[in-house]
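Student: Sequence:
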Amino acid sequence: MPTKSAKKIGAIATAAAIGLAAIEIIGSAGTVLPMISQAEARVGQPWTPRSAAGVQRRTTWRVLRHTTAWVPALPAGCVRTKVNGFAVWRCGGTYYRAYQGRYIVVVVD
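Per the working numbering: the sequence shown = residues 808 to 916.
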């Protein structure tokens, strides 16, 4: 005799399967629910895409990627520079960024 939890899991799985099948049937029939219209992109909605902070945050993480390599101290001859507003140290062809008392190697694309 199944336990109460097994019956509950079976009921949830059955409901999920019926729900997914209903979505599949509605999608294949070509009918769209009347409350759902075609998706339209609107510039400036929500407000953050136009804000300078939002743009800088999104572009910075595409340009400056952290790696898993850490060093306790910078090598000799490093030059401090900025990449998209973040202070980094360039040592030859390698870039470092201060993080939690150590320096993490970053990749600048």
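What the hints contain is simulated information worked out from the structure, not anything from laboratory work.
Among the clues, some could well be false.
[What the hints assert, rightly or not] Per label pair, the in silico range of CB-to-CB distance: (1) Val915 <-> Pro879: 16 to 24 angstroms; (2) Lys889 <-> Ser812: 53 to 61 angstroms; (3) Pro882 <-> Gly826: 39 to 47 angstroms; (4) Ala823 <-> His873: 35 to 43 angstroms; (5) Thr875 <-> Gly900: 53 to 61 angstroms.
Even for Gly, the Cβ is constructed at its ideal location relative to N, Cα and C.
Student: It remains to establish, for every hint, whether it holds in the given structure.
Tutor: Results for each hint:
1. Taking 16 to 24 angstroms as the suggested C-beta distance range, the pair Val915 and Pro879 conforms, at roughly 22 angstroms.
2. In this structure the supplied range 53 to 61 angstroms holds for Lys889 paired with Ser812, their Cβ-Cβ distance being about 57 angstroms.
3. Range check, Pro882 to Gly826: about 58 angstroms between beta-carbon atoms, so the 39 to 47 angstroms window is missed.
4. In this structure the hint that Ala823 and His873 lie 35 to 43 angstroms apart at CB holds, the actual value being about 38 angstroms.
5. A hinted range of 53 to 61 angstroms is violated for the C-beta pair Thr875 and Gly900, which are about 18 angstroms apart.
The structure fails hints 3, 5 (numbered hints given earlier, in ascending order).
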